[in-house]
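Asks: For the record, the sequence lines run as chains W and P.
The working numbering puts the first sequence at residues 1 to 291.
The working numbering puts the second sequence at residues 1 to 283.
Don't read these hints as lab results, they were simulated from the structure.
Everything numeric in this text was worked out from a predicted model, so none of it was measured.
Watch out, some of these pointers could steer you wrong.
[Said to hold, decoys possible] Cross-link-like lysine to aspartate or glutamate pairs, in silico, DMTMM-like; alpha carbons within 25 Å at most: (1) W:Lys75 x P:Glu157; (2) W:Lys184 x W:Asp209; (3) W:Lys158 x W:Glu249; (4) W:Lys158 x P:Asp84; (5) W:Lys95 x W:Glu166; (6) W:Lys158 x P:Glu157; (7) W:Lys95 x P:Asp237; (8) W:Lys184 x W:Glu232; (9) W:Lys75 x P:Glu167; (10) W:Lys184 x W:Glu122; (11) P:Lys77 x W:Glu78; (12) W:Lys88 x P:Glu157; (13) W:Lys95 x W:Asp200; (14) W:Lys88 x P:Glu167; (15) P:Lys77 x W:Asp77; (16) W:Lys95 x P:Glu157; (17) W:Lys88 x W:Asp181; (18) W:Lys75 x W:Glu122; (19) P:Lys125 x P:Glu212; (20) W:Lys95 x P:Asp84.
[Said to hold, decoys possible] To spell it out: a stretch of chain P is covered by chain W in this simulated footprint if at least three of its residues, at any positions, have a beta carbon under 8 Å from a beta carbon of chain W; those stretches are: (21) 146 to 159; (22) 210 to 220.
[Unchecked claim] Partner residues are not named here, just some residues of chain P that face chain W (Cβ under 7 Å, in silico): (23) Val28; (24) Trp29; (25) Arg30; (26) Glu162.
C-beta atoms are modelled at their ideal positions from N, C-alpha and C, and glycine is treated no differently.
Here is what each chain is made of, one letter per residue.
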Amino acid sequence: MRNPLVMITTKPFISFMLQKPDSLATLDNAGIHRAGRWLVRGVNLAIEPGEIVTLIGPNGSGKSTTAKMALGILKPDEGVVQRRADLKVSYVPQKLAVDWTLPLTVRRFMRLTGHVSVHAAESAMASTGVSHLADAEVRTLSGGEFQRVMLARAVARKPDLLVLDEPVQGVDFSGEIALYDLIKRIRDEMHCGILLISHDLHVVMAATDRVICLNGHVCCSGTPTVVASSAEYKALFGARAASTLAVYEHHHDHTHLPDGRVQHGDGSITEHCHPEDGHHHHPGSEGKSDA
Amino acid sequence: MLDDFFTRAILAGIGVALVAGPLGCFIVWRRLAYFGDTLSHAALLGVALAFLFEINITLAVFGVSACVSIALLLLQKQGTLSSDALLGLLAHSALALGLVALAFMTWIRMDLMGFLFGDILAVSKMDIAIIWLGGGVVLAILAVIWRPLFAATINRELAEAEGMNPERVNIIFMLLMAAVIAISMKIVGVLLITAMLIIPSATARRFSSGPEQMALLAAVIGSAAVVGGLFGSLEWDTPAGPSIVVAALLLFILSLFPVFSRRKTQTMEPVKSANEPQKGARS
Numbered sequence: 001m002r003n004p005l006v007m008i009t010t011k012p013f014i015s016f017m018l019q020k021p022d023s024l025a026t027l028d029n030a031g032i033h034r035a036g037r038w039l040v041r042g043v044n045l046a047i048e049p050g051e052i053v054t055l056i057g058p059n060g061s062g063k064s065t066t067a068k069m070a071l072g073i074l075k076p077d078e079g080v081v082q083r084r085a086d087l088k089v090s091y092v093p094q095k096l097a098v099d100w101t102l103p104l105t106v107r108r109f110m111r112l113t114g115h116v117s118v119h120a121a122e123s124a125m126a127s128t129g130v131s132h133l134a135d136a137e138v139r140t141l142s143g144g145e146f147q148r149v150m151l152a153r154a155v156a157r158k159p160d161l162l163v164l165d166e167p168v169q170g171v172d173f174s175g176e177i178a179l180y181d182l183i184k185r186i187r188d189e190m191h192c193g194i195l196l197i198s199h200d201l202h203v204v205m206a207a208t209d210r211v212i213c214l215n216g217h218v219c220c221s222g223t224p225t226v227v228a229s230s231a232e233y234k235a236l237f238g239a240r241a242a243s244t245l246a247v248y249e250h251h252h253d254h255t256h257l258p259d260g261r262v263q264h265g266d267g268s269i270t271e272h273c274h275p276e277d278g279h280h281h282h283p284g285s286e287g288k289s290d291a
Numbered sequence: 001m002l003d004d005f006f007t008r009a010i011l012a013g014i015g016v017a018l019v020a021g022p023l024g025c026f027i028v029w030r031r032l033a034y035f036g037d038t039l040s041h042a043a044l045l046g047v048a049l050a051f052l053f054e055i056n057i058t059l060a061v062f063g064v065s066a067c068v069s070i071a072l073l074l075l076q077k078q079g080t081l082s083s084d085a086l087l088g089l090l091a092h093s094a095l096a097l098g099l100v101a102l103a104f105m106t107w108i109r110m111d112l113m114g115f116l117f118g119d120i121l122a123v124s125k126m127d128i129a130i131i132w133l134g135g136g137v138v139l140a141i142l143a144v145i146w147r148p149l150f151a152a153t154i155n156r157e158l159a160e161a162e163g164m165n166p167e168r169v170n171i172i173f174m175l176l177m178a179a180v181i182a183i184s185m186k187i188v189g190v191l192l193i194t195a196m197l198i199i200p201s202a203t204a205r206r207f208s209s210g211p212e213q214m215a216l217l218a219a220v221i222g223s224a225a226v227v228g229g230l231f232g233s234l235e236w237d238t239p240a241g242p243s244i245v246v247a248a249l250l251l252f253i254l255s256l257f258p259v260f261s262r263r264k265t266q267t268m269e270p271v272k273s274a275n276e277p278q279k280g281a282r283s
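Only chain W is shown next, with the shape it has when bound in the complex (with noise of 0.2 Å):
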C-alpha cells in the first residue's frame, strides 16, 4: 500500500497555495490502484462553488471513479484529496435500481437520505417539473422522468456540491438539452458547484466552465467552444439547443496504445503518463481555476 502522506511531501506546495481557500472539494494528483493496476491516476481537480467542471472520456477511463474520490466514497491511493469542512454533498448516480419489492413514491424518495421539508420538497420537484409525479411509483417512470425526479432529489437538499453521473443517459435529444438547462438554472440559482460526467467526448454543456478529458490521467482540459454564433451548428443542433451545447475541442499531445501504454508526441512510448514527466502541456486549463 501506498502511504499517501509520503506523497504529499513530494507534492511541489505551490499547488496547494494556488489553491483557493473556498474551494469545495480538491484533487491533488490522487490516484486509485486495483487489482494491480491504476483505474485513474495524477488527477488534479478543484471545483469552486458555482462552477460547473464536466469529465469526459471513453468507457472505462475514471471518470466514476474520479468522482468518487471528489465524493468521498473511494479514499486515493496516492495524492491527496481534500474536501471543505461541513461539505454538503448530494449525489446522482449513474444507475439505480429500484425493483417491485420496494414500494417506492418520489414523495418519499425525496427524503431518502436525510430531512426534507415538505416545502423544499415540493419547491424542488417544481424547479424540475415533477409535481405531478409526486404520487408516482419510482419504478414506474420513464428515463426522462426519473433523471429529473433523481435531480430533484438532489435539488432538495441543497447541496454545496452537486456530482452528476451521466445525468442525460438513456434520455432523448430534446430531453438531453432540457436537463441541460436545468442544471445551468440549478446552479445559478443554488450557487452549488457541479461535477458532471458526461459520456459524449465532444460535445458538453455549453454552461461548463471546465472540461477536464480523461483516460487513465487527465489527457487535456480546457475551457469548451460555445456555438451558439455558428449558423452551421444552430442548423446542425437547432436554435435552442446550439445556445445549450458546446463544442470540446481536445488538445492531445498524445495517444493511448491498446495496451494501455501512453504514445506521446515526439514519438516516445511510457508505461503511464504523468503530469510530472514532461510530455504534458495543459493548453489554457491548469491556470483556470485560480484565475
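Take the given structure of chain W and dock chain P to it, following the hints.
Replies: Leaving out everything else, chain P in the frame of chain W:
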C-alpha cells in the same frame, strides 16, 4: 392467563411476527433470503453449544448467528468466493458442526422435530419475556438505523456520498437478523424462519405505497398468520411452525386475487388526472 400453554404460544408468536415483519422487508428488498437460511442452519450449532455449556438456548443461538454474520462479512471483504458460495459454506458447516457436537453429548436426547418445526408446548414465561424484550430492543434499533439502512438498500454509494455509513448499518442489521433467528426459533422452528420473514413482507407489498407502511403491514399480516396457524394447529393437531407458515401462505394467495389489485389501480387514477393542469402550467 399465562398458565395456559396456548395463550403463551400466541403471545410468543405475535412477538416474533411483529419483529419478523419489518426485518423481513429488508430481507426481501435486499435479496437476502438465503442469508436468513444460513443463520437458521447455524442455529443448531447454537443449540448444541447451549447444551454443552448449560446456557440459555436463545442467547447461544444469537451468539452463533452473530459470529456467522461477522464471518460472512469478513469473507466477503476478502472477495475470493462469491456470496452465495460463502453462505452455503457457512450454513452447512455450522449445521454439520452442530450435529456432530450433539452426537458427542450422548447424555442428551434432543427433540429434533421441535427444533426443526417449532415447539409451542415448550414456550415458557421466560421465553415470552425474552421474545418481547429482545424484540423490543431489535425494533428500537431498527427504528434508529432505519433511514441509513433504507438509503443503503436503494443505493449504497449514494448513501455513503451523502454522509451515511452503510458499512456500519449493514453490520447492525446482520446482528438484528441474528437476534430474530434466535427468538423465533422456538416458535416456527429453524426450517421455517425464513418463511416467517419473507411471506408476510411479500403479502404486504401488494397493499403498500411506502416502505414504512409495508413494514407495519408485514408485522400485522405476520401476527394474523400466527393466530390463524396456532388455532389451526390446535384444531387439526398439526405441528405449530408449519401451520403458521401455511396460514401465512394462505394470506399471500388471498392477496393475489384481483379484487385487491383492482382497488389499487383505482386509487392511482385520480392522482394522475388531478395533476394534469399543473403539467401544462409549468411550461
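Asks: Given the hinted pair lysine 75 of chain W and glutamate 167 of chain P, is their alpha-carbon gap at most 25 Å?
Replies: holds, 15 Å
Asks: Would you check the hint for lysine 95 of chain W and glutamate 166 of chain W, treating anything up to 25 Å between C-alpha atoms as holding?
Replies: Holds: lysine 95 of chain W and glutamate 166 of chain W sit about 9 Å apart, inside 25 Å.
Asks: Straight-line Cα separation of lysine 95 of chain W and glutamate 157 of chain P no greater than 25 Å?
Replies: holds, 11 Å
Asks: Check the hint pairing lysine 95 of chain W with aspartate 200 of chain W against an upper bound of 25 Å on the C-alpha distance.
Replies: holds, 17 Å
Asks: Has the given pair, lysine 158 of chain W with aspartate 84 of chain P, been kept, meaning a C-alpha gap of at most 25 Å?
Replies: violated, 40 Å
Asks: Would you mind confirming whether the straight-line C-alpha gap from lysine 77 of chain P to glutamate 78 of chain W stays at or under 25 Å?
Replies: holds, 22 Å
Asks: Within a Cα-Cα threshold of 25 Å, do lysine 184 of chain W and glutamate 122 of chain W meet the stated pairing?
Replies: Holds, at about 20 Å.
Asks: Against the 25 Å threshold, does the CA-CA distance of lysine 75 of chain W and glutamate 157 of chain P hold or violate the hint?
Replies: Holds: lysine 75 of chain W and glutamate 157 of chain P sit about 13 Å apart, inside 25 Å.
Asks: Within a Cα-Cα threshold of 25 Å, do lysine 77 of chain P and aspartate 77 of chain W meet the stated pairing?
Replies: Cα-Cα ~18 Å, so holds.
Asks: Was the hint right that tryptophan 29 of chain P lines chain W, CB cutoff 7 Å?
Replies: holds, 5 Å
Asks: For the pair supplied as a hint, lysine 88 of chain W and aspartate 181 of chain W, is the alpha-carbon distance within the 25 Å limit?
Replies: holds, 23 Å
Asks: Hey, lysine 184 of chain W versus glutamate 232 of chain W, does the alpha-carbon distance stay inside 25 Å?
Replies: The hint holds at about 24 Å.
Hint compliance for this structure: hints 3, 4, 7, 18, 19 and 25 are not met, and every other hint is.
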